[in-house]
Amino acid sequence: MRHTAIAALTLCMVPLMTWAEEGANRISGTVGDLEIDVPIWGEQSDFYGDGNSGGVSIMTKPVAPDQGLGAISISFEGSDFQNESFSSFEVSVADIEAGNMSSYFADRDNDLQIEVVQAEKQDGVLSLSGSVQGTLTWRKLMPISERAKDPTRQLPVALEFDVTVENEF
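Quick note, our numbering runs 2 ahead of the 1-based positions in the sequence shown.
Among the hints, a few may not be true.
List of simulated lysine to aspartate or glutamate pairs, EDC-like, C-alpha gap at most 16 Å [claimed, not checked]: (1) Lys151 / Asp109; (2) Lys151 / Asp125; (3) Lys123 / Glu162; (4) Lys63 / Asp48; (5) Lys123 / Asp152; (6) Lys151 / Glu162; (7) Lys63 / Asp82; (8) Lys123 / Asp52; (9) Lys142 / Glu99; (10) Lys123 / Asp39; (11) Lys123 / Asp82; (12) Lys63 / Glu86.
Across the chosen pairs, the derived CB separations fall in these ranges [as the list claims (entries may be wrong)]: (13) Arg149 / Phe88: 39 to 47 Å; (14) Ser81 / Gly44: 20 to 28 Å; (15) Lys151 / Ser55: 29 to 37 Å; (16) Gly126 / Pro67: 31 to 39 Å; (17) Ser147 / Ser81: 31 to 39 Å; (18) Asp152 / Glu86: 16 to 24 Å; (19) Gln46 / Ala150: 43 to 51 Å.
It is worth saying that the hints were derived from the structure and are not from the lab.
Just so it is clear, CB atoms sit at the ideal spot from N, CA and C, and this is done for glycine as well.
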């Protein structure tokens with residue numbers, strides 16, 4: 003009887019897990035020449051603020067480790083996301099082949115374009131969709147004494163996000 007109940011519960015959970023992976027909470031598009039469609043890492047993604055203002059942090063797990071691409075991080079702060087009133091925004095893709103906390107990175111100062119199409123907060127959850135595109139430049143962060151950027155190593159990105167994140171508090 004117990005094994006039957008566990009099996010029934012497992013069968014009920016499989017469609018829910020499949021739906022969660024195929025639905026929202028994804029970043030898709032291109033990173034370099036690679037087409038991606040990856041789920042966000044919910045435990046590392048959050049927001050603060052009223053929904054259309056404050057700060058947002060969206061992260062994935064490694065995108066294509068076999069090709070040296072680690073986690074994608076998209077973060078921004080501002081007073082009116084949908085009218086592009088950002089005080090800061092940045093995108094990075096970890097370079098796991100290089101190690102030492104290396105990544106491809108761009109921010110507001112690097113001709114990075116971000117658009118938030120929808121931002122709606124309800125019951126401590128923010129539903130957010132939009133896009134980001136630009137060219138990321140390689141940087142090495144660690145060890146601190148060897149921090150460096152290499153403008154000859156660039157990675158173009160064109161990403162769309164459709165996510166639901168919980169309030170950080």
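Hint-by-hint comparison with the structure:
Restraint check for Lys151 and Asp109: the C-alpha separation of about 14 Å stays at or below 16 Å, so the hint holds. With a CA separation close to 41 Å, the supplied pair Lys151 and Asp125 exceeds the 16 Å bound. About 19 Å separates the Cα atoms of Lys123 and Glu162, which puts this hinted pair outside 16 Å; it is violated. Restraint check: the Cα-Cα separation between Lys63 and Asp48 comes to about 15 Å, which is no more than 16 Å; the hinted pair holds.
This hinted pair does not check out: Lys123 and Asp152 have alpha carbons roughly 39 Å apart, beyond 16 Å. A hinted pair counts as satisfied when its Cα atoms are at most 16 Å apart, and Lys151 with Glu162 does not qualify at roughly 26 Å. Only pairs whose Cα atoms come within 16 Å are accepted, and Lys63 paired with Asp82 is rejected, the gap being roughly 28 Å. Taking the CA atoms of Lys123 and Asp52, the gap is near 7 Å; set against the 16 Å cutoff, the hint holds.
For the suggested pair Lys142 and Glu99, the alpha carbons sit about 12 Å apart, so the restraint of at most 16 Å is met. Taking the CA atoms of Lys123 and Asp39, the gap is near 24 Å; set against the 16 Å cutoff, the hint is violated. Proximity of Lys123 to Asp82 is assessed by CA-CA distance (about 13 Å); at most 16 Å being required, the pair is judged to hold. A threshold of 16 Å between alpha carbons decides the hint, and for Lys63 with Glu86 the separation of about 27 Å lies outside it, so the pair is violated.
A beta carbon spacing of about 25 Å between Arg149 and Phe88 contradicts the range 39 to 47 Å that was offered as a hint. Checked against the hint of 20 to 28 Å, the C-beta distance between Ser81 and Gly44 comes to roughly 26 Å, which is consistent with it. Between Lys151 and Ser55, the C-beta spacing of about 31 Å keeps the proposed range 29 to 37 Å intact. At about 33 Å, the CB distance of Gly126 to Pro67 agrees with the hint of 31 to 39 Å.
Taking 31 to 39 Å as the suggested C-beta distance range, the pair Ser147 and Ser81 conforms, at roughly 37 Å. Evaluation of the 16 to 24 Å hint for Asp152 and Glu86 yields a failure: the beta carbon distance comes to about 30 Å. Checked against the hint of 43 to 51 Å, the pair Gln46 and Ala150 fails, with Cβ atoms roughly 26 Å apart.
Violated hints, in rising order: 2, 3, 5, 6, 7, 10, 12, 13, 18, 19; the structure is consistent with all others.
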